[in-house]
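*Asks:* Using the numbering used here, read the sequence shown as starting at 6 and increasing by one per residue.
Calculated from the structure, these hints are not laboratory results.
Fair warning: this is a prediction, and the values are worked out from it, not measured in the lab.
Cut-off 20 angstroms, straight-line C-alpha distance, at most; resulting in silico cross-link-like pairs (EDC-like, lysine to aspartate or glutamate):
id, residue 1, residue 2
1, 174, 153
2, 216, 206
3, 113, 142
4, 179, 209
5, 113, 150
6, 174, 155
7, 118, 97
8, 221, 206
9, 152, 183
10, 216, 229
11, 152, 80
Between beta-carbon pairs, the in silico distance windows are:
id, residue 1, residue 2, range
12, 228, 100, 31 to 39 angstroms
13, 199, 141, 41 to 49 angstroms
14, 198, 158, 17 to 25 angstroms
15, 120, 91, 18 to 26 angstroms
16, 166, 118, 37 to 45 angstroms
Each residue gets a CB set at the ideal place from its N, CA and C atoms; glycine is no exception.
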Amino acid sequence: MPRGVRNIKNTVAETMEANPVADTVGQSQPTETELLRQQNEALAKQLEAMQKQIEAMQKNPGSTVVMAKPEETVELTYIAAVSPTNVLSLGDYGYLNGVGGYVEVPRKEFGGKFMTPEIRGLLNQRRLIVLNGLNEDERRRYNVDYKDGELLDMQMFDRLLDVGLEQLKELFSKLCVEHKRMVATHFISSYQRGDNRISREKVEPLNDLSKSEDPKGMFRPILESLNKV
Numbered sequence: 006m007p008r009g010v011r012n013i014k015n016t017v018a019e020t021m022e023a024n025p026v027a028d029t030v031g032q033s034q035p036t037e038t039e040l041l042r043q044q045n046e047a048l049a050k051q052l053e054a055m056q057k058q059i060e061a062m063q064k065n066p067g068s069t070v071v072m073a074k075p076e077e078t079v080e081l082t083y084i085a086a087v088s089p090t091n092v093l094s095l096g097d098y099g100y101l102n103g104v105g106g107y108v109e110v111p112r113k114e115f116g117g118k119f120m121t122p123e124i125r126g127l128l129n130q131r132r133l134i135v136l137n138g139l140n141e142d143e144r145r146r147y148n149v150d151y152k153d154g155e156l157l158d159m160q161m162f163d164r165l166l167d168v169g170l171e172q173l174k175e176l177f178s179k180l181c182v183e184h185k186r187m188v189a190t191h192f193i194s195s196y197q198r199g200d201n202r203i204s205r206e207k208v209e210p211l212n213d214l215s216k217s218e219d220p221k222g223m224f225r226p227i228l229e230s231l232n233k234v
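With the sequences and hints as input, model every part of the structure.
*Replies:* Have a look at this one:
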């Protein structure tokens with residue numbers, strides 16, 4: 006396994022373990038609905054793991070401000086609205102599959118060798134989330150001093166479909182772009198499963214809010230389907 010990478014189980018991995026196959030030749034490909042379902046479940050598990058890390062950091066804020074030692078590491082996780090089969094390359098630091106996984110980078114290399122333009126872009130887009138290993142000054146320097154409401158936590162992720170429209174709009178407007186996409190993915194996959202909590206009254210305002218990031222709106226697949234009914 007490449008240095009610094011330790012994979013965590015995601016929905017796809019669990020499914021493969023439960024139903025092993027010799028090869029995939031001749032087998033049907035997962036449908037778009039199935040891929041969205043897998044992606045949504047993997048996102049939920051990843052959010053849960055991230056939330057536990059963030060809660061631990063908040064309870065012990067001093068634990069992230071430490072003297073640098075040769076063996077110290079910066080721990081990051083990858084969260085994005087991508088296919089479960091997506092592979093993220095981290096160069097010499099390995100790769101991450103789907104939306105699940107962690108990478109540990111030597112602290113002394115974080116701002117140097119590790120900080121390529123691509124990595125900086127992923128950090129700015131909130132696809133790579135720094136969980137621990139940096140002090141407050143370093144977080145500001147690398148633009149990973151996350152603001153309140155910028156990242157979606159597991160508790161709210163579970164309640165998204167039950168939240169009232171005004172609260173939902175307020176929450177959605179504060180999220181970073183990547184976590185807005187995660188909300189849209191959650192709504193789309195839930196709609197495709199026939200969840201009756203997905204309504205035009207909720208989707209249209211959210212789609213309008215998302216047009217600042219996506220000209221046609223992140224929720225347009227739902228609206229296009231509703232328009233055909």
